[in-house]
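K.L.:
Residues per chain are reported as follows:
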Amino acid sequence: MKYADEFRDPVLAKALFARIEELAAKTGATKKKPLNFMEVCGGHTHSIFRYGLENLLPDCIDLIHGPGCPVCVLPMGIVDDCVEIAQNPNVIFTTYGDAMRVPGSKGSLLAAKSEGADVRMVYSPLDALELARRNPDEEVVFFGLGFETTMPSSAFTILEAEAEGIENFSLFCNHITIIPTIKAILDSPDMRIDGFIGPGHVSMVIGQAPYEFIAERYNRPLVVAGFEPLDILQTIVMLLEQIIDGRAEIENQYSRVVPDGGNDNALGALAKVFELREFFEWRGLGSLDHSGVRMRPEYASFDAEIKYKTQNLKIADPKSCQCGEVLKGVIKPWECKLFGDVCNPENPVGALMVSSEGSCSAYYQYAGVRSKALRVEAKIAAS
Amino acid sequence: MKDQTDTNPARRRGGKLQVKTVTMAHGGGGKAMRDLIDDVFISAFDNPEIGDMEDQARLTSDLLLEPGAQLAFTTDSFVVSPIEFPGGDIGKISVCGTVNDLAVGGAKPLWLSAAVIIEEGTEVELLRKIALSMRAAADEAGVHIVTGDTKVVERGSADKIFITTSGVGVIPPGRNLNAGRVQVGDVAIVNGVLGDHGAAILTARGDMALSTEIQSDCASLNGLMEAVIAAAPDVRCARDATRGGLASALNEIAEAAGVGIEVDETDLPLRTEVKGVCEILGLDPLYLANEGTLVLFVPQDQAEAALAAMRGLEVGKNAVAIGRATPENPGTVVMKTVFGGGRIIDMLVGEQLPRIC
Numbered sequence: 011m012k013y014a015d016e017f018r019d020p021v022l023a024k025a026l027f028a029r030i031e032e033l034a035a036k037t038g039a040t041k042k043k044p045l046n047f048m049e050v051c052g053g054h055t056h057s058i059f060r061y062g063l064e065n066l067l068p069d070c071i072d073l074i075h076g077p078g079c080p081v082c083v084l085p086m087g088i089v090d091d092c093v094e095i096a097q098n099p100n101v102i103f104t105t106y107g108d109a110m111r112v113p114g115s116k117g118s119l120l121a122a123k124s125e126g127a128d129v130r131m132v133y134s135p136l137d138a139l140e141l142a143r144r145n146p147d148e149e150v151v152f153f154g155l156g157f158e159t160t161m162p163s164s165a166f167t168i169l170e171a172e173a174e175g176i177e178n179f180s181l182f183c184n185h186i187t188i189i190p191t192i193k194a195i196l197d198s199p200d201m202r203i204d205g206f207i208g209p210g211h212v213s214m215v216i217g218q219a220p221y222e223f224i225a226e227r228y229n230r231p232l233v234v235a236g237f238e239p240l241d242i243l244q245t246i247v248m249l250l251e252q253i254i255d256g257r258a259e260i261e262n263q264y265s266r267v268v269p270d271g272g273n274d275n276a277l278g279a280l281a282k283v284f285e286l287r288e289f290f291e292w293r294g295l296g297s298l299d300h301s302g303v304r305m306r307p308e309y310a311s312f313d314a315e316i317k318y319k320t321q322n323l324k325i326a327d328p329k330s331c332q333c334g335e336v337l338k339g340v341i342k343p344w345e346c347k348l349f350g351d352v353c354n355p356e357n358p359v360g361a362l363m364v365s366s367e368g369s370c371s372a373y374y375q376y377a378g379v380r381s382k383a384l385r386v387e388a389k390i391a392a393s
Numbered sequence: 009m010k011d012q013t014d015t016n017p018a019r020r021r022g023g024k025l026q027v028k029t030v031t032m033a034h035g036g037g038g039k040a041m042r043d044l045i046d047d048v049f050i051s052a053f054d055n056p057e058i059g060d061m062e063d064q065a066r067l068t069s070d071l072l073l074e075p076g077a078q079l080a081f082t083t084d085s086f087v088v089s090p091i092e093f094p095g096g097d098i099g100k101i102s103v104c105g106t107v108n109d110l111a112v113g114g115a116k117p118l119w120l121s122a123a124v125i126i127e128e129g130t131e132v133e134l135l136r137k138i139a140l141s142m143r144a145a146a147d148e149a150g151v152h153i154v155t156g157d158t159k160v161v162e163r164g165s166a167d168k169i170f171i172t173t174s175g176v177g178v179i180p181p182g183r184n185l186n187a188g189r190v191q192v193g194d195v196a197i198v199n200g201v202l203g204d205h206g207a208a209i210l211t212a213r214g215d216m217a218l219s220t221e222i223q224s225d226c227a228s229l230n231g232l233m234e235a236v237i238a239a240a241p242d243v244r245c246a247r248d249a250t251r252g253g254l255a256s257a258l259n260e261i262a263e264a265a266g267v268g269i270e271v272d273e274t275d276l277p278l279r280t281e282v283k284g285v286c287e288i289l290g291l292d293p294l295y296l297a298n299e300g301t302l303v304l305f306v307p308q309d310q311a312e313a314a315l316a317a318m319r320g321l322e323v324g325k326n327a328v329a330i331g332r333a334t335p336e337n338p339g340t341v342v343m344k345t346v347f348g349g350g351r352i353i354d355m356l357v358g359e360q361l362p363r364i365c
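Listed in order, the protein sequences are those of chains E and A. Just so you know, our numbering puts 367 at position 357 of the first sequence, and the rest follows in order with no gaps. Just so you know, our numbering puts 146 at position 138 of the second sequence, and the rest follows in order with no gaps.
Calculated directly from the structure, the hints in this document are not laboratory data. Be a bit skeptical, because a hint or two may be false.
As the list claims (entries may be wrong) - Listed below are the simulated DSSO-like cross-link pairs for lysine-lysine, each with C-alpha atoms no more than 27 Å apart in a straight line: (1) K193(E) to K342(E); (2) K319(E) to K41(E); (3) K168(A) to K41(E); (4) K282(E) to K116(E); (5) K344(A) to K24(E); (6) K116(A) to K24(A); (7) K24(E) to K282(E); (8) K283(A) to K24(E); (9) K282(E) to K342(E); (10) K159(A) to K342(E); (11) K283(A) to K123(E); (12) K193(E) to K43(E); (13) K319(E) to K123(E); (14) K123(E) to K342(E); (15) K193(E) to K282(E).
Note that this is a predicted model, so its numbers are computed, not measured.
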């Protein structure tokens, strides 16, 4: 814990806040025309709310909470497929805990579990593989989701299953890739982002080179950031410095973890096991080209999509749901028509209300924004 | 108190239980059931009120004779998994939990009932251990388990042992601990570190592949409550921070009293190991369950006295003030983070965690 506490030192934080204040003033940004920085990763969103950073930043900096919560962007059709696989009598369906509450069109995995499906929460696909070893008469399926952060562990698990000849294990692969997503946000006509707080854990795998186009083609700075509060504050300082200097570069604040070139071992495993899909359907963002991966044909026997002939139906989000606009930073969570009264963590309508890393849920739970009217009070409380 | 002797009629009725595991026959109402009850439970609980083996315990206490005294009555079910964990087991927790529900209301706990649901196939040795653990916890809290029930269900219908305890205590005349009485300016105090029980259970389950030294804080708090009330007679209310953790207890109080509650993150007592487990598993220690930790509110001028009284006891040695009742944001709990930022501490919405109590 000593290691973590060093990155939460209030004295250092105070100095960084002062520096941010000073730099922000130099940019000429104002409360009415603020600088918009997007944190792509849900882990950052969580830290920002947990430590109350947003309220301590100057008025002229707005944080936009991006699409980096993999649970939040799961379309309903995939949840329906999960439920259908899980309902097979000899299947043990394993998943990361957060995915259990995501609503599909016919309910969540948690609901399926209460109706008798064998759904189990695991912390790693290797735990799922262990279940397969211990239950040779049952079929164990692991629900693979997430960006390049969780993708390598899925890939390595498949390679291990293959090496050991474990036949009762398969992966329901719904991994997604970060770059096409950022590109889609940048291409959106209502885009208003001035810089990116880059995803630390994803970058640990893919390195920094894949982000170059953001600086070159879109002229926006991106700083790869760690997840502790001081990491995030320092990242904001680095973004402001770039803006003041008129630079748009890819920088690495999280160099203690993220190597410039990424992790060759992990990238090798990904290339071996996965290939890009033509397109992938995102909740809130719609269909994005090459934004998801599937398993290569060589691993078909470990592919739950093939084993269970999943339907992959496209199910539209509820019409009034504005998750997509929130994801792109066009509106703030509390500006959505459904926020609070209709859509809340107990009964999430939109994906962003599901996980604690989703920006709507984070606002609702940590900032106490229950409705538009209450927001003002919450701001005062927090100041 | 009457002396326990072998002439206790309970002892003469049943025989020694010979088998190693509980079968459906032990729930059948016949001799096997009587043997189970007598040999495992009655012999462990053994006290004057239980001895007559009527269908009800018959109770009397001088405390009840005082004009204005009130009966306090509470009930709680325990389904913790695993049944034995570092720092306790389901037996200890089933006594401490109910004793604490009485104690935080200012009641002196006197009597408990215990209804035990046993899964077919459970080892008799385990049952004995749990029953003796209940007795030890009851002795420590100064209560008697005076009535009970056992049921046996088929394998798979329960997870080894479920226990429901109800408790009766007496609130002395003039005592009124009530969350609604908390006023602006009152100080919030906890008696010890937060989240130990939740973290101990999580790691004891073994499926997280974490090994720690964390022990459950499972303990009876009636002695602590009496000491606090003696030192700080105007203590407003107390809540034990069980399921839902400190966050839920504070929210209940804020709502009932119509005040805001501000908590300082830097003042929250947390073990390094618990912080570590929370970091790794992505949990917030404020929502982790406790089984021997309470939060109470006292007027500011009695806070020091209350703290001193608590710190004089083993279960209160880590007592610390963590926050205060404020006029702003009634019904809301706000935490001042280490950076001076604010975040609202809401009630827990759902829970993905294993059973914890």
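K.L.:
Would the pair K319(E) and K123(E) pass a check requiring their Cα atoms to be no farther apart than 27 Å?
P.N.:
21 Å, holds
K.L.:
Mind checking the alpha carbons of K282(E) and K116(E) for me, to see if they're no more than 27 Å apart?
P.N.:
Violated. K282(E) to K116(E) sits at ~35 Å, over the 27 Å cutoff.
K.L.:
Given the proposed pairing of K159(A) with K342(E), does the C-alpha separation stay at or below 27 Å?
P.N.:
Violated, at about 55 Å.
K.L.:
Is the Cα-Cα distance between K168(A) and K41(E) 27 Å or less?
P.N.:
Roughly 61 Å between the alpha carbons, so the hint for K168(A) and K41(E) is violated.
K.L.:
Could you grab the alpha-carbon distance between K283(A) and K24(E) and see if it respects the 27 Å cut-off?
P.N.:
Between K283(A) and K24(E) the Cα gap is close to 23 Å, so the pair holds against 27 Å.
K.L.:
Checking one constraint from the list: CA of K123(E) to CA of K342(E), max 27 Å. Satisfied?
P.N.:
Judged against 27 Å, a Cα distance of about 34 Å means the pair is violated.
K.L.:
Checking one constraint from the list: CA of K193(E) to CA of K282(E), max 27 Å. Satisfied?
P.N.:
Holds, because 25 Å separates the two Cα atoms, which is no more than 27 Å.
K.L.:
Are the Cα atoms of K116(A) and K24(A) separated by 27 Å or less?
P.N.:
35 Å, violated
K.L.:
Between K344(A) and K24(E), is the straight-line Cα distance small enough, at 27 Å or below?
P.N.:
Within the cut-off at roughly 15 Å; holds.
K.L.:
Is it true that the CA of K319(E) sits at most 27 Å from the CA of K41(E)?
P.N.:
52 Å, violated
K.L.:
Within a Cα-Cα threshold of 27 Å, do K193(E) and K43(E) meet the stated pairing?
P.N.:
24 Å, holds
K.L.:
For the pair supplied as a hint, K282(E) and K342(E), is the alpha-carbon distance within the 27 Å limit?
P.N.:
Given that 27 Å is the threshold and the Cα spacing comes to 40 Å, the pair is violated.
The earlier numbered hints that this structure contradicts are 2, 3, 4, 6, 7, 9, 10, 11 and 14.
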